[in-house]
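All residue numbers for the sequence shown refer to the working numbering, where the first residue is -13 and numbers rise by one.
Treat the hints loosely; a few may be bogus.
Stated by the list, open to error - Estimated spans, in silico, between C-beta atoms of each pair:
#1 G475 / T242: 48 to 54 Å
#2 V(-9) / G274: 41 to 47 Å
#3 W477 / P392: 29 to 35 Å
#4 F12 / P406: 32 to 38 Å
#5 T60 / K218: 22 to 28 Å
#6 G469 / P249: 51 to 57 Å
#7 Y526 / P249: 26 to 32 Å
#8 A329 / Y526: 18 to 24 Å
Hint data in this document are derived by calculation from the structure and do not stem from the laboratory.
For glycine and all other residues, C-beta sits at the position ideal for the given N, C-alpha and C.
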Amino acid sequence: MKPSVPVHLWIALPVGGQTLVGYRDFYTFQFKGIRFAEEPERFTYSSTFTNATGTNSALTPALECLQSPNNGSTDCLFLNIWTSNLPSSQQPAKQNLKPVMVYIYGGGFATGSASNPTNDGGNQASRGDVVVVDIAYRLNTLGFLALDDGVHNGNYWISDLISGLEWVQKYISAFGGDPEKVMIYGESAGAQSVQALLASPKALGLFRNAILQSNYLQPYVPLAQAFNQTTKSILKATGCASSSDQLACLQAYNATALINLQPNFNYPVIDGTYLLSSYINLNASAAGKVSSRVPVISVTNRDEGGVLIPLPSSSNYTAAIYALAASQTHGTPNATALLALSAAFPLGTGPTLNNTALNQLFNTTVRISTDSGFHCSDEYTALAAAQTGVWPHVWYGEFNRTYQEPGYNMNNVCQAPVTPSHPYGDPELEYFKCHAGDLPMTFGTFAFTGYPERDENDIPYSQLIVDYWTSFARTMDPNPDVGFLKARGYWSTINQIAVSGAWETLNVTRPEQMELQWNSAMRPLPDAVQCGLLGQPLDYLL
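Put together the whole structure using the sequences plus the hints.
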């Protein structure tokens, strides 16, 4: 056992038939690299690992799931746990167990890690009195490739997530967590995974509420279509197309070479077992039978596309619209249709680029990309789920204050503007609130990961968001109980909630969202006209 922390901080914890050795830091008990499923044979479905014995190290994270160019391992189905309270026995009193938050990372189903420092669960667990779990899942072609043999039907990634959730049900009480109070949450592809779990009959009963952060529009593809449009090309590229046993050929192919092929297979399919239709079934008759009937929070960032689409190469509106339409794969009409909508997407003003004309045009293309890929579908999904009661309570929000990771800022426009009084950026000024910029605030990790405070509100704002998220885990309502806050001295959140008011549930006849920033407020959904013209009206599913 190789220690990564001093021995005097080690903690030995009986979990089922094994003893896990984790450690204690200033905030929480941490157990990392816990196996929840054995490595499945390639292109087969995982199952929960329940036969662990002996003493096993949980001091360091496991390798991430294999991803391009050659990072991680195919043996990667491990999870990490943060908890502020360990029970004194393996049969803890029910009333002492804490709610559980299970996080699913993003990365376009091609990259990502349960051990990314940004999604470290220590602050959420400590401040929110919860247990936090990060689960790994297979990525890219290894997690999704579907054959046409009726057996190897893709969607291996969701079987990994379900195996992890089943492990949580069986063992989380040993860490002080309540298996009857599990909340799932995820960002980007993690949010797509959360929605897939909400839609999957195989996940029924494994969680009681969910948060979707930046859920991207991606309908599930019919199996035959996926085989024809992607698998055939992979079979050809690997030389397995002419093999008498295509499965065996693909299983023998070098894993690293396989995930670096173009095209790769990184999207969910309608397999008839895990996913039954092209989109989550929001009919009232499906609730609790096909799809999960649970409360949901759905949030986006104001300018998701600011880090996802390239800057315009010229200030020509028509050329930029054609380039945008060509780069989008879901939800965006063709260029001719977009040009006809120019009145709804005028040249915008906002965060400054070097060239004013390019700045105006980029504002416009970011708005189109953000609406077509995120805002419209997230809004019409939330409204339909609220209307039918499939999600009995829905809260909708939009981040208008974010902190972009320096390594994920393609266009260098997602950071707050630097001023003489704010050398790290002034978040009270206008800037693009881009995809993934919510994560350091959601987890309370921007200081932990080395990002400086930009102003005096960064820390209390992050605390506010953590308090919303952990309140939802504890009570299934994001509005924190004032008594809970007072008992812990969380006065900045108490004072801020007094200013912003309650985060109200989504009202179908008068839809509003919480604008998540310092001095938050409920405001009408801003995209109704644009979404209608993009062919994604807010009553699309009603």
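Hint check:
1. G475 / T242: 48 to 54 Å: holds (51 Å)
2. V(-9) / G274: 41 to 47 Å: With a Cβ separation near 44 Å, V(-9) and G274 satisfy 41 to 47 Å, so the hint holds.
3. W477 / P392: 29 to 35 Å: holds (31 Å)
4. F12 / P406: 32 to 38 Å: Holds: the Cβ-Cβ distance is about 35 Å, inside 32 to 38 Å.
5. T60 / K218: 22 to 28 Å: For K218 against T60, whose Cβ atoms are near 24 Å apart, the range 22 to 28 Å holds.
6. G469 / P249: 51 to 57 Å: With Cβ atoms ~54 Å apart, the hint holds.
7. Y526 / P249: 26 to 32 Å: Roughly 29 Å apart at Cβ, these two residues keep to the hinted range, so it holds.
8. A329 / Y526: 18 to 24 Å: With Cβ atoms ~21 Å apart, the hint holds.
In summary, the structure agrees with every hint in the numbered list given earlier.
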